[in-house]
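**Student:** With the hints as your guide, set chain S onto chain L.
2 protein chains.
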Amino acid sequence: MLAIGDELLSGRTKDKNIGHLADVMTLAGIDLKEVRIVGDEPHMIADTLNTLRRSYDLVFTSGGIGPTHDDITADAVAAAFGLQVIEHPEAVARLEANYASRGMEFTPARRRMSRTPQGASLIDNPVSVAPGFRLDNVFVMAGVPSVFQAMLASVLPTLPVGEPLKSLALACPFGEGDIGDPLRQIAKEHPNVVIGSYPKFDGTRYSTEIVIRSRDDGAITAAAGAVEAMLVETERAKAG
Amino acid sequence: MLAIGDELLSGRTKDKNIGHLADVMTLAGIDLKEVRIVGDEPHMIADTLNTLRRSYDLVFTSGGIGPTHDDITADAVAAAFGLQVIEHPEAVARLEANYASRGMEFTPARRRMSRTPQGASLIDNPVSVAPGFRLDNVFVMAGVPSVFQAMLASVLPTLPVGEPLKSLALACPFGEGDIGDPLRQIAKEHPNVVIGSYPKFDGTRYSTEIVIRSRDDGAITAAAGAVEAMLVETERAKAG
Chain L
1 MLAIGDELLS
11 GRTKDKNIGH
21 LADVMTLAGI
31 DLKEVRIVGD
41 EPHMIADTLN
51 TLRRSYDLVF
61 TSGGIGPTHD
71 DITADAVAAA
81 FGLQVIEHPE
91 AVARLEANYA
101 SRGMEFTPAR
111 RRMSRTPQGA
121 SLIDNPVSVA
131 PGFRLDNVFV
141 MAGVPSVFQA
151 MLASVLPTLP
161 VGEPLKSLAL
171 ACPFGEGDIG
181 DPLRQIAKEH
191 PNVVIGSYPK
201 FDGTRYSTEI
211 VIRSRDDGAI
221 TAAAGAVEAM
231 LVETERAKAG
Chain S
1 MLAIGDELLS
11 GRTKDKNIGH
21 LADVMTLAGI
31 DLKEVRIVGD
41 EPHMIADTLN
51 TLRRSYDLVF
61 TSGGIGPTHD
71 DITADAVAAA
81 FGLQVIEHPE
91 AVARLEANYA
101 SRGMEFTPAR
111 RRMSRTPQGA
121 SLIDNPVSVA
131 PGFRLDNVFV
141 MAGVPSVFQA
151 MLASVLPTLP
161 VGEPLKSLAL
171 ACPFGEGDIG
181 DPLRQIAKEH
191 PNVVIGSYPK
201 FDGTRYSTEI
211 VIRSRDDGAI
221 TAAAGAVEAM
231 LVETERAKAG
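Chains as they are written, first to last, in UniProt numbering: chain L, 1 to 240; chain S, 1 to 240.
With the rest of the complex left out, here is chain L (with noise of 0.2 Å):
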């Protein structure tokens, strides 16, 4: 993913939209892999998104589609791209069609959310029909939390869904400094699950959340019961 914008990196704006794209692709069953934030500059924007969309099979931007002179996704996307930007014949009915029914004027700077770049499809914008495009593997979106989400779910049926990984979340009573050195042993012992141990900190002591991970059930159900044997075992030292 790559998420574009100055208010990213300045804190104006606190991201929503990684958080929720990894959420919709683990359930979808696809490995979110890196992210990266930028800001409103164009190379840094093409050159990046060129790296992502060469070495990851889908690429999702958020943000810099709107009117203003500050939204400049379409035109980075395209020297990416090495393409023309247009105004996309259906994106400008769609906005003049929306404007009209508004009573709005369809002012150069809306008209101006119907630029994509040459061969984009569109994304359908149930929010606020300004749309977002797609071109190869890229999937160009709004950086707005609820357009965000609605782009995606316009185009979640359209993606390749892997097998689903699962996942089953142990609670630890204790810190990670208890559980430690049994833990790896357990992780080297079961290779085809992922176990990870994420630390809770409530102001006074640690705990621990386990989260075994896994596309094959069997092999999560093993891993588990080796966890849950080793917190009794945990347990039992601590209270002997």
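Quick caveat, the hints were computed from the structure, so don't treat them as lab data. Quick caveat, the model's predicted, so the values are computed rather than measured. C-beta atoms are modelled at their ideal positions from N, C-alpha and C, and glycine is treated no differently. A hint or two may mislead.
[What the hints assert, rightly or not] The list that follows gives simulated cross-link-like pairs (lysine-lysine, DSS-like), each with its CA atoms no further than 30 Å apart:
#1 L/Lys200 x L/Lys166
#2 S/Lys14 x L/Lys188
#3 L/Lys14 x S/Lys200
#4 S/Lys200 x S/Lys33
[Claimed, not checked] Stretch-level coverage of chain L by chain S, calculated; a stretch enters the list once three of its residues show a Cβ under 8 Å from a Cβ in chain S:
#5 5-18
#6 55-69
#7 138-151
#8 195-207
**Tutor:** Showing chain S alone in chain L's frame:
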């Protein structure tokens, strides 16, 4: 910034450190230029860190410095620099004293938290003792937000702070489509400021927050005057 952890990419954990770092850097007058999020893959972490530390003056990392098997950041950072990992004597002493004072066993897992690349200096952790570390221009910090924040506060006084970027936010009751054209003109006429335009959508209609940023107060005032005049003009045009 480099945020590290499978849990950020799976959606299980929603990052809170990027926004915090962005806020603190902006206050300190340091421009945050890029953020990357990668999973718990040693080569990916090392390669990404090498790219970032050669591209930017400062790099901050979050995550992967706890006591469990999936905490591999110290090893990955050492690999990036071509250094050995050692048990940092001062870190061992701090951890040992801490666990002794709490009557807790200093397990091998807990001892892992003293591991740093050779030559690293420690970053204080007033929250939960286990330190982060600095190596050259790279600051390696925890992923737990309260600890990340405390470590960042520890290192902030040592950073070469810049002239803080000032910003002025103007609420605009119109959507970007209404103001995009005149705002583009204002941005062109005021090259010493950066004008951001952030759409808000309340479910029914759009409004906009216009933010003018500069290190020069006079330039902000001049641009703000032009934006305010434009808003009055827009209001009049809509009423008329």
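**Student:** All the hints need checking, so say for each whether the structure fits it.
**Tutor:** Each hint, compared with the structure:
1. L/Lys200 x L/Lys166: Holds, because 22 Å separates the two Cα atoms, which is no more than 30 Å.
2. S/Lys14 x L/Lys188: holds (27 Å)
3. L/Lys14 x S/Lys200: holds (14 Å)
4. S/Lys200 x S/Lys33: Holds, at roughly 24 Å.
5. 5-18: Held - the region 5-18 of chain L has 11 residues with a Cβ nearer than 8 Å to chain S, which meets the minimum of three.
6. 55-69: Answer holds; 4 residues pass the 8 Å Cβ test.
7. 138-151: holds (count 3)
8. 195-207: holds (count 9)
Consistency with the previously given hints is maintained throughout, with no hint failing.
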